[in-house]
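Given the sequences, and given the hints that come with them, work out the whole structure.
Read top to bottom, the protein sequences are chains A and B. Taking our numbering, the leading residue of the first sequence gets 725, the next gets one more, and so forth. Taking our numbering, the leading residue of the second sequence gets 10, the next gets one more, and so forth.
These are calculated hints, taken from the structure and not from any lab test. The structure displayed is predicted, hence computed values, not measured ones. Careful: at least some of the hints might be erroneous.
To be verified - Just the calculated beta-carbon pair ranges, DEER-fashion:
| # | chain 1 | residue 1 | chain 2 | residue 2 | range |
| --- | --- | --- | --- | --- | --- |
| 1 | A | Leu729 | B | Asp291 | 52 to 62 Å |
| 2 | A | Gly763 | B | Gly318 | 19 to 29 Å |
| 3 | A | Gln736 | B | Trp84 | 44 to 54 Å |
| 4 | A | Asp768 | B | Arg317 | 27 to 37 Å |
| 5 | B | Gly313 | A | Cys750 | 53 to 63 Å |
| 6 | B | Gly318 | A | Lys773 | 30 to 40 Å |
Every residue gets a Cβ at the ideal spot worked out from N, C-alpha and C, and that includes glycine.
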Amino acid sequence: MALQLPRDWRLQAQRYRLLGAKCRGCGRVVVPIRPVCPGCGSDDVETIKLSGRGEVYSYTVMYKVPDSFERSVPYVVALVRLEEGALISAQITDVEPEEVVVGLPVEVVFRQWRQYGADGHIVYGYKFRPAMPGMNATQ
Amino acid sequence: MVTSRQDCRTVYVVGVGQVPVGEHWDKSLRDLAVAALRAAVADGGGEAPGALMLGNMLGSTLSEQQHLGALIADWAGFRGIEAASVESACSSGAAALRQGYLAVKSGEHRLVAVLGAEKMTDSVNGLATAGLAMAADAESEAAIGLSFPAINALLMRRYMHEYGPEREDFAAFAMSSHANAVGNPNAMFRKAVSQKACLLAPTIADPVTLMDSAPMADGAAALILADAETAARLGRTGVRIAGSAVATDSLALQDRNELLYLEAVAASTERALAAANRSREDVDFFEVHDAFTIMSILSLEAAGYAPRGEGFRLAQEGVVVRGGRLPICTMGGLKARGHPVGATGVYQAVEAALQLRGAAGDCQVEGARVGLIQNIGGSGATVVTHVLEAE
Numbered sequence: 725m726a727l728q729l730p731r732d733w734r735l736q737a738q739r740y741r742l743l744g745a746k747c748r749g750c751g752r753v754v755v756p757i758r759p760v761c762p763g764c765g766s767d768d769v770e771t772i773k774l775s776g777r778g779e780v781y782s783y784t785v786m787y788k789v790p791d792s793f794e795r796s797v798p799y800v801v802a803l804v805r806l807e808e809g810a811l812i813s814a815q816i817t818d819v820e821p822e823e824v825v826v827g828l829p830v831e832v833v834f835r836q837w838r839q840y841g842a843d844g845h846i847v848y849g850y851k852f853r854p855a856m857p858g859m860n861a862t863q
Numbered sequence: 010m011v012t013s014r015q016d017c018r019t020v021y022v023v024g025v026g027q028v029p030v031g032e033h034w035d036k037s038l039r040d041l042a043v044a045a046l047r048a049a050v051a052d053g054g055g056e057a058p059g060a061l062m063l064g065n066m067l068g069s070t071l072s073e074q075q076h077l078g079a080l081i082a083d084w085a086g087f088r089g090i091e092a093a094s095v096e097s098a099c100s101s102g103a104a105a106l107r108q109g110y111l112a113v114k115s116g117e118h119r120l121v122a123v124l125g126a127e128k129m130t131d132s133v134n135g136l137a138t139a140g141l142a143m144a145a146d147a148e149s150e151a152a153i154g155l156s157f158p159a160i161n162a163l164l165m166r167r168y169m170h171e172y173g174p175e176r177e178d179f180a181a182f183a184m185s186s187h188a189n190a191v192g193n194p195n196a197m198f199r200k201a202v203s204q205k206a207c208l209l210a211p212t213i214a215d216p217v218t219l220m221d222s223a224p225m226a227d228g229a230a231a232l233i234l235a236d237a238e239t240a241a242r243l244g245r246t247g248v249r250i251a252g253s254a255v256a257t258d259s260l261a262l263q264d265r266n267e268l269l270y271l272e273a274v275a276a277s278t279e280r281a282l283a284a285a286n287r288s289r290e291d292v293d294f295f296e297v298h299d300a301f302t303i304m305s306i307l308s309l310e311a312a313g314y315a316p317r318g319e320g321f322r323l324a325q326e327g328v329v330v331r332g333g334r335l336p337i338c339t340m341g342g343l344k345a346r347g348h349p350v351g352a353t354g355v356y357q358a359v360e361a362a363l364q365l366r367g368a369a370g371d372c373q374v375e376g377a378r379v380g381l382i383q384n385i386g387g388s389g390a391t392v393v394t395h396v397l398e399a400e
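Okay, here's the thing in structure tokens:
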């Protein structure tokens, strides 16, 4: 097992703030931030703060899961199409699995991702939940 | 006889070897690898190869063993030769074939061994699941709890949403692969399955069920490649590699240009066929990477054998089944022959060579002259395509 602590520390910005890379050349937005646009190859990309709003593009319900995710079983993982156009893979939380459908409006929340054993550190990051109009501080 | 420099660089498959795919509790990674390699060398006339290219994905995770090139060269009796291992997730086997092909094509070597080997049953709990998830993007996919079946479930759900196939359409692909495996003595599941069994199969990652998924397995397969002069001397010029190509795409689904269009499948198929100077219609059979039923469908569409959103019909309509216009997975495919991940691409090549020799037994595609084989890493991030032809 690789040393997870420095890696999880290093990835905090990516996981705690929903940042994307927007290409000044072709306009494409991707998550997470990266130095070169995967669409056109330009390195003229800027970091943007994403709204955290979008809708479920595809999803699955997981029962057989990788190590250290057992506490969350079963959980829903989706591809979310963000308002800015980018897709992002994320868990859908605060929802019964059967309530999730393609097209469901969702918004980002901050949640626990995984724990490395009983004595291991806990990893936090973004998840999405069904959008709650009026409850979202950014609206 | 060799008449030109160009002839000298034609690459022939002069030997094949394989161990049955399955759960080999009594055999280690090296046992499997040595058995397949020795079988291929014997089939190819018994001469020691000048180099070994070995495909493997999970040796470091599940067998705690890397450095497999030198290890297997030594244990197989070829200590001293050039050897290295090649990794590109589930396409590691075909990636090794590509390197072996280039080694002969370039003129650097005249006789090269290509080996794919994988030992998956030495794992407990979620270790193999976590190992397979390494084919995906560690930071944006595996980190949030996606498994490899779940990634395919995301593709399958969106496909069902956009194009409306029924469960029966997916089941027809699994049924076809299982029916084909019955005649393959090296297949893991030599058993036909009913539509009812497919429709009642337990869910792994909704909507992907057990019968949509290829099984984890142990296995090893090998090829001996030779240049024209060597192949002629050995009297084994029956099968040659007419085209070879690799293309890549993003590891993460979220970074694809279009989720349901496998761009690397399209590009590598086109390049391999162009190198062979062949059209899609010339192909007599297609060894598709059916790790999941959705991958078969998306592959057939991107390779140009069906319009987008129509590929799901090809099994139910009888096009890609035994006796159809384009049989796929003729010896069981990943679904029923089994999917020892890093070995799979070499099994595909061994099976294609047997078809072109007319030695595929009960699985024989009558009159097969041109075979297309395609091995996919991840959910489409590395796609290795070869065209094999009978001389």
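Here's how the hints hold up against the structure:
Taking the beta carbon of each, leucine 729 of chain A and aspartate 291 of chain B are about 56 Å apart, inside 52 to 62 Å as hinted. For the hinted restraint 19 to 29 Å between glycine 763 of chain A and glycine 318 of chain B, the CB-CB distance of approximately 24 Å keeps it satisfied. Against the hinted window of 44 to 54 Å, the Cβ-Cβ separation of glutamine 736 of chain A and tryptophan 84 of chain B comes to about 46 Å, which satisfies the hint. A C-beta distance of roughly 32 Å is found between aspartate 768 of chain A and arginine 317 of chain B, which places it inside the suggested range of 27 to 37 Å.
In this structure the supplied range 53 to 63 Å is violated for glycine 313 of chain B paired with cysteine 750 of chain A, their Cβ-Cβ distance being about 27 Å. Taken as a hint, the range 30 to 40 Å holds for the pair glycine 318 of chain B and lysine 773 of chain A, whose Cβ atoms sit roughly 36 Å apart.
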